[in-house]
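Novice: Top to bottom, those sequences are chains A and B. Here the first sequence is numbered in the numbering used here, starting from 1 and rising by one per residue. Here the second sequence is numbered in the numbering used here, starting from 1 and rising by one per residue.
Some hints could be false.
Copies of the same chain look alike in the list, so a pair counts if it fits in one copy or across any two.
[As the list claims (entries may be wrong)] Here are the simulated PhoX-like cross-link-like pairs (lysine-lysine), alpha carbons at most 25 Å apart as the crow flies:
#1 K256 x K54
#2 K267 x K233
#3 K111 x K54
#4 K212 x K256
#5 K111 x K267
#6 K233 x K111
#7 K197 x K54
#8 K54 x K267
#9 K256 x K233
#10 K212 x K233
To be clear, the hints were calculated from the coordinates, so they are not data collected in a lab.
2 protein chains.
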Amino acid sequence: MTQRAISLNLATTRQVWGFAEAVDGCLRAGITAISPWRDQIAAIGLDEAARIVKANDLQVTGVCRGGMFPAETAAGRQANIDDNLRAIDEAAALNADCLVLVVGGLPGSSKDLPGARQMVTDGIAAMLPHARASGIKIAIEPLHPMYAADRACVNTIDQALDICETLGETVGVAVDVYHVWWDPRLAQAIARAGRMKRIFAHHICDWLVPTKDMLLDRGMMGDGVIDLPAIRKMIENAGFYGPQEVEIFSQDNWWKRDGDEVLSVIKERVASVC
Amino acid sequence: MTQRAISLNLATTRQVWGFAEAVDGCLRAGITAISPWRDQIAAIGLDEAARIVKANDLQVTGVCRGGMFPAETAAGRQANIDDNLRAIDEAAALNADCLVLVVGGLPGSSKDLPGARQMVTDGIAAMLPHARASGIKIAIEPLHPMYAADRACVNTIDQALDICETLGETVGVAVDVYHVWWDPRLAQAIARAGRMKRIFAHHICDWLVPTKDMLLDRGMMGDGVIDLPAIRKMIENAGFYGPQEVEIFSQDNWWKRDGDEVLSVIKERVASVC
């Protein structure tokens, strides 16, 4: 088994470490790839974040996150697009591999899911010229269907790839096992993404049984039911060999632990069960 | 708008009414279709349940539920099939429109989702001769992907229809809006089910935002985000005009209310928002 690099999505340690502390922790653990969130970048300042990235020759596997396009009014949608343009600038300043999109759900009291999906396609289309000019790839992250209403109305890889086909180059997918592991068409969809050369990121964690909270009870790799090696092989067969980015939201477990301990467990699990 | 009949899935009132009390409540409300659960049938006895159904000329839109096929051992899988054969007999005794299947998830500590799915197809195949001899249709209920690990590894209508195509006549789908509303391929999948003449049931409730419990926090129609009229039209355009079966698991709200009150609200909501 080829050992691919690890990237730390900084949400995994957000309760204990800011941007700089997380980088220090990663370097202590021999991890040289990160994926920060915009609030973490803002807290330290974009210039200082960029300086740290450059000084340590870090790979930034993604910036989390753009998206959240749907809104009830045209002005609201434009404001969301404007925010995405700023997110592109931040991703460019960090020389990130991509800007990850959590595309948003139903706006306001709407029940019009096809309409929200159209707003997403339109929103991505509106940010593409700036993304292309900035050299920043846009990674649509299909979210688990349980988030369709309130977080992301793009819920399968195939649906994301359909949007990619509509919009052309520069738009791809972030494949997070937590969101897609259940998909009966997963193997075919990842293969399709590979043929299109649109896999821009690979996020890992695990699905716990039972899951006690729909947002904040993700598991450490190996503690749940996802066949991580099987999905990794699908992704590698599709031509993606970038770092496996570890993103764990876990308010009652991993978020309560010491950051160095979390990184130690991550390294052990990636080596043994991923 | 054509007013289709209402069926009461007896899970909706399970905390306050047994089989007989629920039938009495339905008749008071002018509802003449029900869908009972096997534990409710067992509690009153199959003969008495059948007598009540016949005496009141009730339509039984489904018996809940068969399924739960995957098991770690061949003996375990056979025991599950045997239980499904008994479920067919119960459905036949009640002259039910179908036996609804919640097919089961990963057996034991398995992470082999494709393997579990094969066990489901094999299990349904094994029960089909008895179903056909008994004149009982088998309705696969695709469950929301958030239940893929522990309740049902069939998670989309298309996936269920693929199984139907493999197995031939007598197997179809129960379309529950709660489980399928998010599917970007919903319209196409329902149309496909219609062409195959495989829609056997139509369950309704609503998806609440936020959803506080992954199993027991379903909403009353109109209280959530599902575009119920849009899905109803897809189903009617696909040729299904059977009762809309109301199935609400709601431990903190509707399960705590008086049964007659719940039926009154159901009737009002079906008339106004479905």
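Novice: Compare the structure with each hint and give your call.
Specialist: Here's how the hints hold up against the structure:
1. For the identical chains of this complex, K256 and K54 are neighbours neither inside a copy (30 Å) nor across copies (59 Å), given an alpha-carbon limit of 25 Å.
2. For the identical chains of this complex, K267 and K233 are intra-copy neighbours only, at 19 Å inside a copy versus 51 Å across copies, given an alpha-carbon limit of 25 Å.
3. Proximity of K111 to K54 under the C-alpha cut-off of 25 Å is found in neither arrangement, the shortest distances being 45 Å within a copy and 40 Å between copies.
4. For a Cα distance limit of 25 Å, the shortest separation of K212 from K256 qualifies both inside one copy, at 16 Å, and across copies, at 22 Å.
5. With identical chains, the CA atoms of K111 and K267 are at most 25 Å apart between copies only, with a shortest distance of 21 Å across copies and 43 Å within one.
6. Proximity of K233 and K111 under a CA criterion of 25 Å is satisfied inter-copy only: 15 Å between copies versus 38 Å inside one chain copy.
7. Proximity of K197 and K54 under a CA criterion of 25 Å is satisfied in neither setting, with 27 Å inside one chain copy and 61 Å between copies.
8. When the C-alpha separation of K54 and K267 is checked against a cutoff of 25 Å, the pair qualifies only within one copy, where the shortest distance is 24 Å, while the shortest distance between copies is 64 Å.
9. In the homo-oligomer, the alpha carbons of K256 and K233 never lie at most 25 Å apart, since the shortest distance is 32 Å inside one protomer and 48 Å across protomers.
10. In the homo-oligomer, the alpha carbons of K212 and K233 never lie at most 25 Å apart, since the shortest distance is 29 Å inside one protomer and 35 Å across protomers.
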